[in-house]
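S.K.: Here are the chains, one letter per residue:
There are 6 protein chains.
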Amino acid sequence: MNVLAVGAHPDDLEILAAGSLALYARDGHRVTMCVLTKGDLGSDTHTRAETAAIRRAEAEESAAVIGADFFCLDQPDGFLFDGPDVRTRLVDVMRSAKPDVVITHHPDDYHPDHRAASRIVLNCRQLGLCGLVETANEPTDTIPGVLYMDTLTGIGFQPELWVDITETIDTKRAMLRKHASQNEWLKRLHGTDYVDYVDRQGTLRGLQIETAYAEGFQAAKAYPQPRDPGRLLPPSL
Amino acid sequence: MNVLAVGAHPDDLEILAAGSLALYARDGHRVTMCVLTKGDLGSDTHTRAETAAIRRAEAEESAAVIGADFFCLDQPDGFLFDGPDVRTRLVDVMRSAKPDVVITHHPDDYHPDHRAASRIVLNCRQLGLCGLVETANEPTDTIPGVLYMDTLTGIGFQPELWVDITETIDTKRAMLRKHASQNEWLKRLHGTDYVDYVDRQGTLRGLQIETAYAEGFQAAKAYPQPRDPGRLLPPSL
Amino acid sequence: MNVLAVGAHPDDLEILAAGSLALYARDGHRVTMCVLTKGDLGSDTHTRAETAAIRRAEAEESAAVIGADFFCLDQPDGFLFDGPDVRTRLVDVMRSAKPDVVITHHPDDYHPDHRAASRIVLNCRQLGLCGLVETANEPTDTIPGVLYMDTLTGIGFQPELWVDITETIDTKRAMLRKHASQNEWLKRLHGTDYVDYVDRQGTLRGLQIETAYAEGFQAAKAYPQPRDPGRLLPPSL
Amino acid sequence: MNVLAVGAHPDDLEILAAGSLALYARDGHRVTMCVLTKGDLGSDTHTRAETAAIRRAEAEESAAVIGADFFCLDQPDGFLFDGPDVRTRLVDVMRSAKPDVVITHHPDDYHPDHRAASRIVLNCRQLGLCGLVETANEPTDTIPGVLYMDTLTGIGFQPELWVDITETIDTKRAMLRKHASQNEWLKRLHGTDYVDYVDRQGTLRGLQIETAYAEGFQAAKAYPQPRDPGRLLPPSL
Amino acid sequence: MNVLAVGAHPDDLEILAAGSLALYARDGHRVTMCVLTKGDLGSDTHTRAETAAIRRAEAEESAAVIGADFFCLDQPDGFLFDGPDVRTRLVDVMRSAKPDVVITHHPDDYHPDHRAASRIVLNCRQLGLCGLVETANEPTDTIPGVLYMDTLTGIGFQPELWVDITETIDTKRAMLRKHASQNEWLKRLHGTDYVDYVDRQGTLRGLQIETAYAEGFQAAKAYPQPRDPGRLLPPSL
Amino acid sequence: MNVLAVGAHPDDLEILAAGSLALYARDGHRVTMCVLTKGDLGSDTHTRAETAAIRRAEAEESAAVIGADFFCLDQPDGFLFDGPDVRTRLVDVMRSAKPDVVITHHPDDYHPDHRAASRIVLNCRQLGLCGLVETANEPTDTIPGVLYMDTLTGIGFQPELWVDITETIDTKRAMLRKHASQNEWLKRLHGTDYVDYVDRQGTLRGLQIETAYAEGFQAAKAYPQPRDPGRLLPPSL
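If you're matching them up, the sequences are chains A, B, C, D, E and F in order.
Just so you know, we're using the working numbering here: the first sequence kicks off at 686 and counts up by one.
Just so you know, we're using the working numbering here: the second sequence kicks off at 686 and counts up by one.
Just so you know, we're using the working numbering here: the third sequence kicks off at 686 and counts up by one.
Just so you know, we're using the working numbering here: the fourth sequence kicks off at 686 and counts up by one.
Just so you know, we're using the working numbering here: the fifth sequence kicks off at 686 and counts up by one.
Just so you know, we're using the working numbering here: the sixth sequence kicks off at 686 and counts up by one.
Extracted from the complex, chain A is given alone in its bound form (with noise of 0.2 Å):
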């Protein structure tokens, strides 16, 4: 199968779904992880361009530890508009990966770079058929089936599917500490750490299907619709 987890930052998929790709990648699995900003407004130290490059090195590391591919589209972090370019560039990437699912944010999450990442690849998920939407890569020939990540801290969110990431949280946690400079800012901006931010939300989710750490889902609603929605996941043990 080949998964592609679409972020608005790069830090994004690691907190919500990191735990989940890792256990395709374990399963033999194409995990491609694609970040549509650069995440240049997280610093209170650095320039834009400069945090810019260290996030990028971070995500690049991150992805690396689960073997996944990594592309980032470059748009200005918190001003991520939908567009005919952000478009196209992201069929780009959905031809290059040729996903049979395809991961993202909630449509209703918190931050307005989450909820326009959500309706972007909502928006892309037909075109990259269309021979006549012209990019570097060949048409696809099939719709991937599209999965929402839980929000951040579960507001607005309910779980339809689960995945039991016991087996892997701890790389879930490896990931999260690729991610250096975002993990000391937020702590001085929240007064919570990274990792045992991303554990409570983790912890909670488990105690619902009665295992250690879980990660939720939700299957969007749009023709057509995958069959088996629960099996675009990796099984639990």
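Don't read these hints as lab results, they were simulated from the structure.
Nothing false has been slipped in among the hints.
No copy is singled out in the list; a pair is fine if it fits within one copy or between any two copies.
Taking lysine-lysine and the BS3-like style, the derived pairs with C-alpha atoms no more than 25 Å apart in a straight line are:
| id | residue 1 | residue 2 |
| --- | --- | --- |
| 1 | K783 | K906 |
| 2 | K872 | K906 |
| 3 | K783 | K872 |
If you're wondering where the values come from, they're calculated on a predicted model, not measured in any experiment.
Knowing the structure of chain A, use the given hints to seat chains B, C, D, E and F on it.
M.R.: Quick look at chains B, C, D, E and F alone, frame taken from chain A:
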């Protein structure tokens, strides 16, 4: 896997889930069909007792098509109410069938008995575990997942999970035809042929996942949640 | 009554509402069909310009079947975005068609252009009234009711209002067959015959109201509300 | 058209739907008002039996204003529960009134008896048809549409359908004034004049459709659906 | 302020609201804890009668930690149903506790007794006022606001209101530990330590408002609405 | 407390929240009123530039009634779109007003500019904090809570929080009367007096909490959540 399907009337499980039940049976899972009422309002030519006897025989023949076990809890048609007695009897059936998954009506389906059946099933979900609820069978040691079937003609229902039943649509039709008394009666009442009726819904659910025939389901949202609700249903091919 | 139907692509109105539009026409109401994009992605053998020309001709022929006026706003297929220009053009169409009711896509339908079309229509609803929005036509003096069509295969949609189209199903099929280029292309893409496809949805909507074929609608909830939303649609016989 | 309105207490139909009932009567439709409980908690000066007698007389006077038939099913106020007995009695009323449409409380209205009344009505909808449910009157041969009235002060309710009652607001007030015992009691309890109270809600519902006074309704979503739910209500002028 | 908390089983209020109840008590409000069932299914080693006695003692000790009054309505565990008797008994408790606010289960929580408790509370809300409902205590003269607690593990629940319980988390744990019989039993059943279990949910609710521990609530939507639902809960510091 | 109210047009805040804003001011809180568009479509006798000038003066006079600061972001009426420029300007206003709470339109209100305003506000909520978003004012160090106002005539809106504005209803009316140009125009357009119009909605919201006049609000659900959303609003007396 053990599958318990609980319907309000002797033909409901056939109309809404027989294609999936046939797939379970094909895959070697143990299927139990349990009907809560006698269906004894389903006639305009027989007495209630005669109707009950006719319909029980039809339902048993239908269950036999896929080799399912059959139970009827003998509640009065049109007047199914939750209460200690029906709960205790259903708990006993659950302890006999030892289901990994229970399939039943959606809580907002059109018929009062369907709505009552849905609530009774959800209300019994934890009770099988409690040794102090005494019934003929031994307590179970797991809490099954609960899946809701589609509603009649799909009003008020959006599938979350689909099962491709193209392979078993003929078995479904064969099971429906066992309910000969109802088929004739409903044809007079609604001017619709039973099988045609069911085909119309299956064909649209099929279109949603790009196959010929499908059935739709939702997973009940209640603690503890099964880890992989989508894997409680038979896989598409 | 004046009816304005606004679709994203040249065949959308036919798929989702042609039976009702034909009933309006039959009853002597004035029907205007307006398509926002050129549909110029709808081919794998022609150029975008050729495709646009072919599809415009097909749409005009289809509108002619029921004697409807036809407009195309020439936006790019797959890349329909709300903005000042498309709003102003649609306001001008609304001032020309002077609708009592506007029929358009549901805001959560599967295709990005459908979702955009739905929002653009709702966003233009009040603007026709404002004399200071200058267009070729004179301002209107009423705010029309807005009705949303069903979604493709009904995913994410529950009808509030049904129109019995048994009498016009053949007209609907005739209009669909005018879109010959799409019919062939979609058949190759999805393996589904266009007319069969549409029949499957019409037949289930029909079952919900106990007739052969129906189309489903919802009324947009927005001030000012039409007093009798159900009377904005053609009556069943 | 035959209209059956079913309220929980002797004044509920007047508060929430009298304007529409008066319009039905004006248009020559046959209106039946059925009250499920005796309203015998509605006093702080009389006994329950006295209160029941007073309120029955008031309700009959109110029904007489529009020439409606009147039934009371004599259930205890504050303790209305669904059950075989009340269902059978209501089925018999339905077989007598032969309604094309049944108007009742919204299932989430504020009072336990309102919520119970709503469920009892929906639960009886199909039963009138079944010959094997024996009551004094003959079975009906149609399943009526069900419309829910607004909730008290509109909490938890959004109208889908509006009726312009400007023409019958005075009749509505006249019917309300027949419930003199309640008007006085509620004035002491809530400090609100009955008619003023009802006017406040009617005036906002009116504003939503740009008229002076209106009442709001929703159609119950249940198979089989009436084809034209909006045409089950009296037309605006 | 007088606070009445109504739970289904002897430990439910502790699991879902003890942090907030402890804050009320700290602020000098009068807290009454009322449990509807005896909790007599909560054992696999004792008889029902023994279990009821053990759990009553545990619940009384827990209530004593914060100086709360305690009532148990002695309904059977697993078989709690709404009815005239339990309503009348709860009305009497409400007349004794004279609550400004009643805290109870969410209507869609996982356990049948939780769902029944929620409905019973809402159904009794107005009845305390009616002099003609006779109980040992005098009628109240106000209708309290109703707040719903979180569900177990938060499935199907989104908080509208949060209480920061960081200051009383240790009191909450102390109250939970009084339910020693359940703590041991649930540990065997679900493999989860009681306190750890509750901490996981409190820690995520805390994260949502950027504190260490929190509890979440919703206000029931029903006329008459308390003016300041957020002021019915203890303030954060 | 610092309160920032953001409306789409120069009179929206008065219609939907002036009673609450007046209460904040009475209690000594600092109130800032920010209007996103010039309201320059609001006339059928003046040019757009004249209309903008008239309405700005009216809005300033209205703000002066309660001593509120006033900003206008000069976007075009009827054509308000989210984008980098309007976001940056609003972030700068937020950094100037330093709000503890931001009050704005509901995301589904009837007018396109109201819906856009709601989204723009939510999209700017976090950005004030980011030092790398450069504006004239210094970054803030907190993320404010966001409250949504009622919709026009309450369509599609259910209050979660109510403010009793009986004490400030006359101030609200006085502020509305400052918008003389609109009052006259809307009277011609909708046949409704401005103040009467607003009174109708206030009187029903008042009825819901048993007072004379009220305004309704909802708290936006987004991380991080304010701990006590109900305490962000002025208390009832």
